[in-house]
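2 protein chains.
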Amino acid sequence: MKLSWTPYDLQLNHTFTISGFSRKTTPVVLTKIEYDGLEGYGEASLPPYLGETQASVIEFLKKIDLSGFSDPTQLEEILEYVDGIAINNTAAKAAVDIALHDLAGKIIGAPWYKMYGLDKLDVPDTTFTIGIDPDDEVIREKTREALGRFNILKVKVGGADDKRMIEAIRSVTDLPLAVDANQGWKDRRHALEMIQWLKEKGIVMVEQPMPKYDLDNIAWLTEESPLPIFADESVQRLHDVERLKGVFSGINIKLMKCTGMREAYKMRTLARALGMKVMIGCMTETSCAISAASQLSSGLDFADLDGALLIGNDCFDGAKLENGKIIASDLPGIGVKLTQKINFGR
Amino acid sequence: MKLSWTPYDLQLNHTFTISGFSRKTTPVVLTKIEYDGLEGYGEASLPPYLGETQASVIEFLKKIDLSGFSDPTQLEEILEYVDGIAINNTAAKAAVDIALHDLAGKIIGAPWYKMYGLDKLDVPDTTFTIGIDPDDEVIREKTREALGRFNILKVKVGGADDKRMIEAIRSVTDLPLAVDANQGWKDRRHALEMIQWLKEKGIVMVEQPMPKYDLDNIAWLTEESPLPIFADESVQRLHDVERLKGVFSGINIKLMKCTGMREAYKMRTLARALGMKVMIGCMTETSCAISAASQLSSGLDFADLDGALLIGNDCFDGAKLENGKIIASDLPGIGVKLTQKINFGR
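Taken in order, these protein sequences are the chains called A and B. Read in order, the letters of the first sequence correspond to residues 24 to 369 in the working numbering. Read in order, the letters of the second sequence correspond to residues 24 to 369 in the working numbering.
Rather than coming from a laboratory, the hints here were simulated on the basis of the structure. One should not assume that every hint holds.
Because identical chains cannot be distinguished in the list, a pair is counted as satisfied if it fits within a single copy or across any two copies.
[Stated by the list, open to error] Here are the simulated SDA-like pairs of lysine to any residue, each with C-alpha atoms no more than 20 Å apart in a straight line:
1) 222 with 235
2) 300 with 100
3) 268 with 295
4) 300 with 139
5) 235 with 362
6) 222 with 50
7) 343 with 38
8) 300 with 103
9) 186 with 288
10) 300 with 263
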């Protein structure tokens, strides 16, 4: 197995604003693992607020020595080794996990959704995020652009503009809406009042309403809330899931947080076994990481896989938007093809 | 997909005695699912103390209508339907689950251990059970027969003969021993004294020391015990696992109890995520069900997969005993071939 990589900068179609930060690009690192004439592709997406950089990912990738492994399908053993190289570095680990899944799937000759026993068409509608804007007419215009392509929209809330945003969208459409508060509400009674108001406005779920460590207040809120409450910042990896039972209604699994597909599938299994809901989310990513996520989105409660639709220089063809759902391709592995020449120079 | 079946009676090499019952045969039902020129095989093993019979299995199989499903690889959906047909009937459900896994693996063209990302050689030594006998010389002779073939033996305890059995085996070998008390100890202090004595005699694990619902006393025993304590009768399906955390050190997963490979893999994932140990066990079964179990035995703490070695009329070739371990074949699906003509007459 030969691992190589290259940094790549995603060009965002619209300036992305969250919690006071704005940016026009998202840095990623693309990975490739070659074996016996086959190539598996992976990706680490590195939005700045998560603490990994192209340099830190490449630093991590340089430490990996796959020469001790002869069979790329032995994912459990190889990925346990990779996980043990350093703590954190979850996006870097995901870049290896995804490339290895792509390679193993190509060796076996099947897409992962099939090996997971799933129906690739039985996936939730993906949410599409309507970005915050001070001008209501801009919000209405963004919303109109999404109509017909998406069956559920997502709005970032948790600030002073919440009601105005929702009202502006509601003046254009009554599609179901998901909201992500990104830890924005600090008081549980205020959060509950907001959620009750949102429920009346046709909102169907709430992500991370309060600060990630404020679990006692979130547990109270989940108990009182008429809408399901999902953990995002409060959940990262498999070991986080159990203690969130009874705190949140469900968890948002993201490959870049949890080290990739293998751990994501375990988290999905664990959460469901504990009676929790499950959604799958993403960063701004190419169709490489989005296609990987699409392999395990079947049967989940919500999907937020619009990441590759937000960029202008996607270099992979893979999972596609069909009738409001992100559907995996029929190709083996994660189901992608490179659409341009990429130099994986290491 | 066409499902067919036939009853089959396993001839035991030795009379099998457990908790006062003796028998020379184990009834099973063999299943076959045909699709597009491929055949998947399954098995329900029906030791009398578990409550299912060949008649009840066939009754259940007759209720199954697979005509609504076009793709046998969509295991999640198909097996959810099968599970919903009736409560219990876990061995009957396993017979469908195993045949469907065999078929899906043949369609995909890979053995399941590969799709699980596992190394088929990285499995625990299988235990081999030395049957209870009033004559110490018979025990010594049975033990001698097992030497060289097995690296760990298993003894049924929980009765008045415990120490005599162990001493008889120890007079022949110092191989590691596992013990299964089959709920036999009723007093926790007596159980702890026995376990402390067993620890000194080189026993490495204890299965189901006390009655299955006596969880408070078992939790105390696990806390005090110098040996890991595994749930067998106390655990059946996925929903049982969570409440056993902190009660037992680990769980014994058996396909016939848990409805088959799909739920077994979820139980394995859940138990490990909860920090519990995992072993995989069996009934007396042909190499069909044993091969299915062998697909997911990699990386577990213990394996008790001697079921097909105890019968004289195994009609499948599949997973094999190699250096004390039951190792899956390289064939796709569960990795078996029929070794004789079986008429699946429905």
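We went through each hint and held it up to the structure:
When the C-alpha separation of residue 222 and residue 235 is checked against a cutoff of 20 Å, the pair qualifies neither within a copy, at 22 Å, nor between copies, at 45 Å. Taking CA atoms no more than 20 Å apart as the test, residue 300 paired with residue 100 passes between copies only; the shortest distance there is 18 Å, against 29 Å inside one copy. Taking the shortest alpha-carbon separations for residue 268 and residue 295, both the intra-copy value of 10 Å and the inter-copy value of 17 Å come in at or below 20 Å. For the identical chains of this complex, residue 300 and residue 139 are intra-copy neighbours only, at 18 Å inside a copy versus 24 Å across copies, given an alpha-carbon limit of 20 Å.
Taking CA atoms no more than 20 Å apart as the test, residue 235 paired with residue 362 passes in neither setting, with 39 Å inside one copy and 59 Å between copies. Taking the shortest alpha-carbon separations for residue 222 and residue 50, neither the intra-copy value of 36 Å nor the inter-copy value of 56 Å comes in at or below 20 Å. Taking the shortest Cα distances, residue 343 and residue 38 never come within 20 Å of each other, neither inside one copy (23 Å) nor across copies (60 Å). Proximity of residue 300 to residue 103 under the C-alpha cut-off of 20 Å is restricted to the inter-copy arrangement: shortest distance 17 Å between copies versus 27 Å within a copy.
In this homomeric assembly, residue 186 and residue 288 never come within 20 Å of each other (Cα to Cα): the closest approach is 36 Å inside a single copy and 45 Å across copies. Taking the shortest alpha-carbon separations for residue 300 and residue 263, both the intra-copy value of 15 Å and the inter-copy value of 19 Å come in at or below 20 Å.
The structure is inconsistent with the numbered hints 1, 5, 6, 7, 9, although it conforms to all the rest.
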